[in-house]
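Number of protein chains: 4
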Amino acid sequence: MSERTVETRDRYFHFLPIQTRWNDNDAYGHVNNMVFYGYFDSVVSGFLVSHGGLDTAKAPVIGVVVESMCRYHHPISFPEVIDAGLRVGRLGRSSVRYEIGIFRQGSDKAAADGHFVHVFVDRETMRPAGIPETIRAALAPLAY
Amino acid sequence: MSERTVETRDRYFHFLPIQTRWNDNDAYGHVNNMVFYGYFDSVVSGFLVSHGGLDTAKAPVIGVVVESMCRYHHPISFPEVIDAGLRVGRLGRSSVRYEIGIFRQGSDKAAADGHFVHVFVDRETMRPAGIPETIRAALAPLAY
Amino acid sequence: MSERTVETRDRYFHFLPIQTRWNDNDAYGHVNNMVFYGYFDSVVSGFLVSHGGLDTAKAPVIGVVVESMCRYHHPISFPEVIDAGLRVGRLGRSSVRYEIGIFRQGSDKAAADGHFVHVFVDRETMRPAGIPETIRAALAPLAY
Amino acid sequence: MSERTVETRDRYFHFLPIQTRWNDNDAYGHVNNMVFYGYFDSVVSGFLVSHGGLDTAKAPVIGVVVESMCRYHHPISFPEVIDAGLRVGRLGRSSVRYEIGIFRQGSDKAAADGHFVHVFVDRETMRPAGIPETIRAALAPLAY
Numbered sequence: 022m023s024e025r026t027v028e029t030r031d032r033y034f035h036f037l038p039i040q041t042r043w044n045d046n047d048a049y050g051h052v053n054n055m056v057f058y059g060y061f062d063s064v065v066s067g068f069l070v071s072h073g074g075l076d077t078a079k080a081p082v083i084g085v086v087v088e089s090m091c092r093y094h095h096p097i098s099f100p101e102v103i104d105a106g107l108r109v110g111r112l113g114r115s116s117v118r119y120e121i122g123i124f125r126q127g128s129d130k131a132a133a134d135g136h137f138v139h140v141f142v143d144r145e146t147m148r149p150a151g152i153p154e155t156i157r158a159a160l161a162p163l164a165y
Numbered sequence: 022m023s024e025r026t027v028e029t030r031d032r033y034f035h036f037l038p039i040q041t042r043w044n045d046n047d048a049y050g051h052v053n054n055m056v057f058y059g060y061f062d063s064v065v066s067g068f069l070v071s072h073g074g075l076d077t078a079k080a081p082v083i084g085v086v087v088e089s090m091c092r093y094h095h096p097i098s099f100p101e102v103i104d105a106g107l108r109v110g111r112l113g114r115s116s117v118r119y120e121i122g123i124f125r126q127g128s129d130k131a132a133a134d135g136h137f138v139h140v141f142v143d144r145e146t147m148r149p150a151g152i153p154e155t156i157r158a159a160l161a162p163l164a165y
Numbered sequence: 022m023s024e025r026t027v028e029t030r031d032r033y034f035h036f037l038p039i040q041t042r043w044n045d046n047d048a049y050g051h052v053n054n055m056v057f058y059g060y061f062d063s064v065v066s067g068f069l070v071s072h073g074g075l076d077t078a079k080a081p082v083i084g085v086v087v088e089s090m091c092r093y094h095h096p097i098s099f100p101e102v103i104d105a106g107l108r109v110g111r112l113g114r115s116s117v118r119y120e121i122g123i124f125r126q127g128s129d130k131a132a133a134d135g136h137f138v139h140v141f142v143d144r145e146t147m148r149p150a151g152i153p154e155t156i157r158a159a160l161a162p163l164a165y
Numbered sequence: 022m023s024e025r026t027v028e029t030r031d032r033y034f035h036f037l038p039i040q041t042r043w044n045d046n047d048a049y050g051h052v053n054n055m056v057f058y059g060y061f062d063s064v065v066s067g068f069l070v071s072h073g074g075l076d077t078a079k080a081p082v083i084g085v086v087v088e089s090m091c092r093y094h095h096p097i098s099f100p101e102v103i104d105a106g107l108r109v110g111r112l113g114r115s116s117v118r119y120e121i122g123i124f125r126q127g128s129d130k131a132a133a134d135g136h137f138v139h140v141f142v143d144r145e146t147m148r149p150a151g152i153p154e155t156i157r158a159a160l161a162p163l164a165y
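Chains B, P, G and R, in that order, are what the protein sequence lines are. Offset between the first sequence (1-based) and my numbering: plus 21. Offset between the second sequence (1-based) and my numbering: plus 21. Offset between the third sequence (1-based) and my numbering: plus 21. Offset between the fourth sequence (1-based) and my numbering: plus 21.
Note that these hints are calculated values from the structure, not bench results. From the three backbone atoms N, C-alpha and C, an ideal C-beta is built for every residue, glycine too. Hints are supplied without guarantee of correctness; some may be wrong.
Which chain B residues face chain R? A few, computed with CB under 10 Å, are given here [said to hold, decoys possible]:
id	residue
1	Thr-41
2	Tyr-58
3	Ser-63
From just these sequences and the hints, can you work out the full model?
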């Protein structure tokens with residue numbers, strides 16, 4: 022994998038520190054690949070709640086994930102604390118591409134990086150809806 | 022997302038039925054995006070154990086995930102049982118690309134599909150190693 | 022632990038087979054202690070949906086867990102399939118004590134057994150409410 | 022539940038702050054009951070690694086959970102950060118009872134409290150072994 026580009030801290034604009042957990046490690050003793058997507062979800066949803074005014078219990082329009090991807094560069098293990106970095110790759114009418122980097126504390130090179138795409142939908146009908154304005158306003162400064 | 026190709030059951034060669042769990046559903050009431058990667062891991066690792074003779078506790082050579090991807094076409098929810106289908110996309114000297122489809126029971130179109138890449142490494146040094154022969158022999162018939 | 026009583030299959034009245042998952046195993050190579058509570062939740066909530074008519078998305082009265090306990094007798098590991106057995110220990114006006122046993126296939130002695138207590142509450146106010154009649158009718162035959 | 026005793030912060034001697042995650046919330050919008058045991062595991066195993074010199078990959082003697090229990094007093098929800106407090110209830114020859122409280126930040130009353138019991142065993146034979154001395158020395162000051 023040595024020829025792959027690896028993302029760096031300076032390319033992300035919002036960070037959430039996350040304590041790894043004992044059960045994040047799988048039988049091989051490192052954080053399992055699926056758990057990184059839990060970090061992705063948490064930095065994004067946390068930002069939408071804290072900066073975008075999202076009320077996950079009642080919002081009539083919610084984001085559903087239609088695609089996700091991650092590249093793993095360096096193993097991490099409990100009990101490390103990691104930083105999840107966020108930027109916005111594309112901010113469309115009803116969809117957003119979030120790009121995320123996972124960093125070990127003290128390291129500027131990503132242990133893993135990836136993205137996922139939210140399509141905003143009406144919670145009842147599951148049909149595409151425009152991105153709510155408070156969310157769009159929060160996300161715009163994270164675009165690059 | 023309507024223009025995307027969606028995988029079908031006939032393009033996978035090994036299946037694992039998986040009971041969804043209450044906690045697979047997230048606050049929006051559907052199986053969370055990260056959980057699909059747990060289904061991916063389970064059909065692959067289950068196959069490596071049952072057909073490839075992998076002893077996850079003692080094997081000197083293990084597969085580590087360097088990349089994973091999933092596209093989500095249709096929500097699924099607890100208490101459904103899903104089928105995880107597996108085929109092999111590329112079988113290299115030390116790496117394998119697994120391609121997985123997640124199917125609702127009674128449906129031939131994938132609710133989600135994706136892939137992940139294992140690089141086989143020496144468990145102690147984490148340096149690339151050849152794919153063990155029993156594993157290669159088990160995976161070869163799943164290639165297309 | 023050899024002197025502890027261990028539950029047996031014949032003392033449970035409803036069963037859900039559950040495929041273990043790769044990520045259920047922790048760094049010690051066995052299903053992690055917390056995961057058993059995920060099996061508990063799944064056999065109970067699955068029964069409430071399939072037999073008690075619970076609509077988890079819209080039900081105005083839901084069960085919240087106020088206490089849970091588990092005793093672990095024998096390790097289990099992915100890729101085993103386990104059976105989660107359910108009975109009802111106490112069926113009150115607004116609370117239920119569910120008792121659960123986790124069995125390896127082919128074994129009549131529990132690998133683990135425990136219980137949890139649901140208090141049924143109004144979903145909006147979180148104040149105790151009577152157990153809905155369809156749920157009570159479904160649970161009554163599981164009492165012993 | 023109003024008559025139950027509820028633990029307080031001053032009765033715990035070591036704390037780990039833990040960022041909740043999006044997927045900790047279940048379909049009812051609160052942290053799922055099983056997730057609390059993941060917090061329990063993390064404060065204990067983190068302490069054993071950081072203060073007791075435990076090497077989870079190579080230690081010949083490891084702790085296995087034989088019993089766990091939790092009482093839930095107040096719901097918590099993502100994106101809160103919680104503090105997991107730890108004390109030692111009983112420090113035997115080969116077993117330890119850990120007592121844990123989960124606190125919302127700014128609150129001195131436990132949102133949940135419980136315990137689990139580790140029996141230390143030989144990793145290969147799974148037979149009881151004495152608690153390693155470095156671990157015993159680390160745990161002793163947490164006893165009450």
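Hint by hint, here is what the structure shows:
For Thr-41 (chain B), the suggested interface contact is upheld, since its CB lies about 8 Å from the closest CB of chain R, less than 10 Å. For Tyr-58 (chain B), the interface hint holds, since its Cβ comes within 10 Å of a Cβ in chain R; the closest pair sits about 9 Å apart. Of the supplied interface hints, the one on Ser-63 (chain B) holds, with its beta-carbon coming within about 4 Å of a beta-carbon of chain R, less than 10 Å.
Checked against the numbered hints listed earlier, the structure breaks none of them; every hint is satisfied.
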